[in-house]
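One-letter residues, chain by chain:
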Amino acid sequence: MIELLAQTGLNALYAASYISLVAVGLVLIFGVMGVINFAHGELFMVGAYTVVALYADLQMPFLVAITFGLIFVGLLGLVMERSMFRPLRDNPLGGLVASIGFLMILQALASIGFGVRMEHIPPVTQEVIVFSEKVRLPLPRLFVMVAAVVLLGALWYFLRRTRFGWALRASAQDPEAAALQGISINQTARIAMFIGAGLAGVAGALTAPLVSVNPHMGHSVIVTAFIVIIVGGVGSLEGAVLASVVYAFVHTVVTTFWDGVIADIVGLSLMLLVLIVKPTGLFGTAERA
Amino acid sequence: MSHKRILSALTRRGFLAAASTLIGSGLLPGIATRVHAADKVIRIGFLAPLTGPVAAWGKPGLDGCQIWAEGINAAGGITIDGESHTVEFVGYDNEYDPAKARTGATKLIREDEVKFIMMLGGDTWPGVQPVADRTGMLFSTLLPSDLSPETTTLIAPAEVHPIYNVTGVEWLAENKPDLKTAVMCAQDDALGLPSVATYLAAFEAAGIEMQSEPLLFDPATTDFAPVVTKLISGNPDIVCLDTCYSDYVHPICEQLFQQGYKGQIISCTADFYDQIIEKTSKEFMEGMIFQFPDFDDPALNAEGINFKDPNKFFEVYNERHPGEWGAVSWEYASIMDLWKAGAEKAGSVEPDAVLAAMKDGGTGLHAFGEAKWWGKDLFGIDNALVGNWPVVVIEDGKAVIKAMKSIPDWYDKHGELLKKHMTAYNQMWNQRG
Chain E
1 MIELLAQTGL NALYAASYIS LVAVGLVLIF GVMGVINFAH GELFMVGAYT VVALYADLQM
61 PFLVAITFGL IFVGLLGLVM ERSMFRPLRD NPLGGLVASI GFLMILQALA SIGFGVRMEH
121 IPPVTQEVIV FSEKVRLPLP RLFVMVAAVV LLGALWYFLR RTRFGWALRA SAQDPEAAAL
181 QGISINQTAR IAMFIGAGLA GVAGALTAPL VSVNPHMGHS VIVTAFIVII VGGVGSLEGA
241 VLASVVYAFV HTVVTTFWDG VIADIVGLSL MLLVLIVKPT GLFGTAERA
Chain A
1 MSHKRILSAL TRRGFLAAAS TLIGSGLLPG IATRVHAADK VIRIGFLAPL TGPVAAWGKP
61 GLDGCQIWAE GINAAGGITI DGESHTVEFV GYDNEYDPAK ARTGATKLIR EDEVKFIMML
121 GGDTWPGVQP VADRTGMLFS TLLPSDLSPE TTTLIAPAEV HPIYNVTGVE WLAENKPDLK
181 TAVMCAQDDA LGLPSVATYL AAFEAAGIEM QSEPLLFDPA TTDFAPVVTK LISGNPDIVC
241 LDTCYSDYVH PICEQLFQQG YKGQIISCTA DFYDQIIEKT SKEFMEGMIF QFPDFDDPAL
301 NAEGINFKDP NKFFEVYNER HPGEWGAVSW EYASIMDLWK AGAEKAGSVE PDAVLAAMKD
361 GGTGLHAFGE AKWWGKDLFG IDNALVGNWP VVVIEDGKAV IKAMKSIPDW YDKHGELLKK
421 HMTAYNQMWN QRG
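Just so you know, the protein sequences line up as chains E and A, in that order. The letter at position 144 of the first sequence is residue 144 when you use the numbering used here, and the numbering goes up by one with no holes. The letter at position 316 of the second sequence is residue 316 when you use the numbering used here, and the numbering goes up by one with no holes.
The hints are simulated quantities; they were obtained by calculation from the structure and are not laboratory data. Being a predicted model, the structure only gives us computed values, none of them experimental. We put the beta carbon where it would ideally sit given N, CA and C, even for glycine. Among these hints, one or two may not hold up.
[To be verified] Chain E is nowhere near these chain A residues, computed Cβ spacing over 12 Å in every case:
1. R43
2. P49
3. G52
4. N175
5. T181
6. A205
7. A220
8. V249
9. E286
10. A302
11. A353
12. K359
13. L365
14. K420
[To be verified] Here are the simulated DSS-like pairs of lysine-lysine, each with C-alpha atoms no more than 25 Å apart in a straight line:
15. A:K405 with A:K359
16. A:K180 with A:K402
17. E:K134 with A:K180
18. A:K402 with A:K376
19. A:K376 with A:K419
20. A:K180 with A:K262
21. E:K134 with A:K282
22. A:K402 with E:K134
23. A:K345 with A:K308
[To be verified] Covered stretches of chain A, as calculated for chain E (at least 3 residues, CB under 8 Å):
24. 54 to 64
25. 223 to 230
26. 258 to 268
Okay, chain E solo, but in the shape it has when bound (with noise of 0.2 Å):
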């Protein structure tokens, strides 16, 4: 039984370790631009196209798929900011509806350019962290760990750190205000896109060698974010990171000793509960939500 919590623990590490990435760059975006990005899941997937583009197709180390996931989905981000985004500023749910119009496009471009089927990606490594007989951890899942701990970390100390970071907490939490004091709404917009999208690049990009990409992958990623983020509070980082955490180890633990049905239910169950006891979310505020 001992064994088995402990494989249990490592599976949904991992599990927090790639939602968390996802889910904090949707709030980020979400925070600063007030725009609910219904596309993230398919910059998720644009980042897992990266290393099959790159690492499998061509044969490129994959950590330079794995670098240039992260730029290009970040670019992709700057794209859609420019084109989408700010164009619709002043209409709640223009952002909304033309996210969901981008994530059929790049679902689309995926189905033209690579194929409905399923992509195969050859292993990094097959290495595997041997703990003991029935406790494992392959190295590509401990990669995605570090990852997504040295990622979220210094996200974090560039929002609580550096000039940029508090220009964009300052927009996030009163944009008029912020721009009254000089900080660009346009700058902050684009640094928020390029991250959180950078973010979701990336997530796909260090995951694609363990799932199934396809192009209609980044449905099932973004229904986790945004249970993660309803349950953490909308638009709160630190709630996004504390509820994939949870949501993780909740999801991971009822799979392992129910089965995944009931998980699904469980994880849906949560999100009710918060919502009914604190509607606001784990740390979310009464003006956030």
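Following the hints, put chain A in place on chain E, whose structure we already have.
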């Protein structure tokens, strides 16, 4: 002045008359030619998922049908009442969505005037059934669990999913009698659940004990580590992957490998198994049992196999679609063999005439041998063509047919077990909504 004259002469009526004459003189011969040519073309509908997570059980089938059609057309086409007709497939991507399947069926019948529609079935059939009832169109499904007494124009002539899975378990019990405990996982959908019931019956018939209840997971699952952790926590001799889609079979096998499992794996399919081997190892995959052969297998050249030149078909398929051979690549083409024989026998392409000809005598030539129209006991209607089915095992990195086993023989001995488990999972024809 001349300009005005031209304008006055070019009245609206005059313009329309001139335009009509011009267009008519230019296009009518073309239209007439097309109508004439269309008289000799038989269109067949292909209504299956061509995109999305279930595309692996649709798109390769359409690719196989195109190869089949080229062969048939080059050999003179289909002879109906002494007249030769070419065959043309009209594809419609239903994305495994019932509403889109319904739209597709209507479009194929009304606009494309197809004479027969092949489907994957499953979750999409309920969307199509009202169209079938209204039009009387003949449909085929790969999943006989779609059959019921009401589905009089629906046939399952290629595979009796999931009933043939019993042959793999039977072979396993005969050849590896020391394996006594099993676990199973499946996606919670119309493909997964009847297959769960079938495997449970097969394991019970073989004296193999289930260590735990089958583990069901949401079809949206992407991380299978928790599923695998639970599956192997009791050290089972056998892990059964049910009828998981290839998007699940691959990551589950990879997780089994990474979490140190060393026992037997059995699955309905192992599409693109070479990729699973690359992600795990040849040694790990050695002995995996599944149900769908590669068609370069020499066993398919034996007498009694009713699929024309399977080795050549496999070769051409792989030349055109390298690395894409899967469970359904040949199945829809084999259905077309049956339909062609039925249409030629009936001297008609009309659905009712072809269906009557196909079922005439209660037997038919299935790809893997002579088979009988069967199913009343289980599906409420004898519209499934059942006979032998291959048991395939991975040996030295290659799928090999180890046996052809009879599904009716198994059912004669253990039919009550199958009905018991189908009933428990609400999968009998009179339980399905």
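Now the hints, each set against the structure:
Residue-level check passed: R43 (chain A) sits 24 Å from the nearest beta carbon of chain E, beyond 12 Å. Listed as a non-interface residue, P49 (chain A) fails to keep its Cβ farther than 12 Å from every Cβ of chain E; the least gap is roughly 9 Å. Its beta-carbon lying about 6 Å from the closest one in chain E, G52 (chain A) breaks the requirement of being farther than 12 Å from that chain. With a least CB separation of 28 Å from chain E, N175 (chain A) remains clear of the 12 Å interface cut-off, as annotated.
Here T181 (chain A) stays apart from chain E, with its beta-carbon at least about 17 Å from theirs, past the 12 Å limit. Every Cβ of chain E is farther than 12 Å from the Cβ of A205 (chain A); the closest lies at roughly 25 Å, confirming the non-interface assignment. Remark: the non-interface label on A220 (chain A) conflicts with the geometry, its nearest Cβ contact in chain E lying 4 Å away (cut-off 12 Å). Interface exclusion of V249 (chain A) from chain E breaks down, the closest Cβ pair being 10 Å apart, not more than 12 Å.
For E286 (chain A), the requirement that its beta carbon stay farther than 12 Å from each beta carbon of chain E is met, with the minimum near 16 Å. Under the 12 Å C-beta cut-off, the non-interface status given to A302 (chain A) relative to chain E holds; the minimum distance is some 32 Å. With 12 Å as the threshold on Cβ separation, the claim that A353 (chain A) sits away from chain E holds: the shortest Cβ distance comes to roughly 36 Å. At the 12 Å boundary, the C-beta of K359 (chain A) stays outside the reach of chain E, the nearest C-beta of that chain being 35 Å off.
Distance check for L365 (chain A) against chain E: the nearest CB is about 31 Å away, which clears 12 Å, and the non-interface claim stands. At roughly 22 Å from the closest C-beta of chain E, the C-beta of K420 (chain A) stays outside 12 Å, upholding its exclusion from the interface. Annotation: proposed proximity of K405 (chain A) to K359 (chain A) holds, straight-line Cα distance about 23 Å (limit 25 Å). Pair hint K180 (chain A) plus K402 (chain A) holds up; C-alpha atoms about 21 Å apart against a cutoff of 25 Å.
Pair hint K134 (chain E) plus K180 (chain A) holds up; C-alpha atoms about 21 Å apart against a cutoff of 25 Å. As the CA atoms of K402 (chain A) and K376 (chain A) are separated by approximately 30 Å, the hinted pair breaks the 25 Å bound. Restraint check for K376 (chain A) and K419 (chain A): satisfied, since their Cα atoms lie roughly 12 Å apart, inside the 25 Å limit. Simply put, K180 (chain A) and K262 (chain A) have alpha-carbon atoms about 15 Å apart, close enough for the 25 Å limit, and the pair holds.
Our distance criterion of 25 Å between C-alpha atoms is met by K134 (chain E) and K282 (chain A), whose separation comes to about 22 Å. Restraint check for K402 (chain A) and K134 (chain E): the C-alpha separation of about 33 Å exceeds 25 Å, so the hint is violated. Note on K345 (chain A) and K308 (chain A): the hinted pairing holds, with a Cα-Cα distance of about 19 Å set against a maximum of 25 Å. Proximity of the region 54 to 64 of chain A to chain E, defined as three or more residues with a beta carbon under 8 Å from a beta carbon of that chain, is established by the 3 residues found.
Remark: the region 223 to 230 of chain A is confirmed as covered by chain E, as 6 of its residues place a Cβ nearer than 8 Å to a Cβ of that chain, reaching the required three. Coverage of the region 258 to 268 of chain A by chain E holds [criterion: at least 3 residues with CB-CB distance below 8 Å; count 3].
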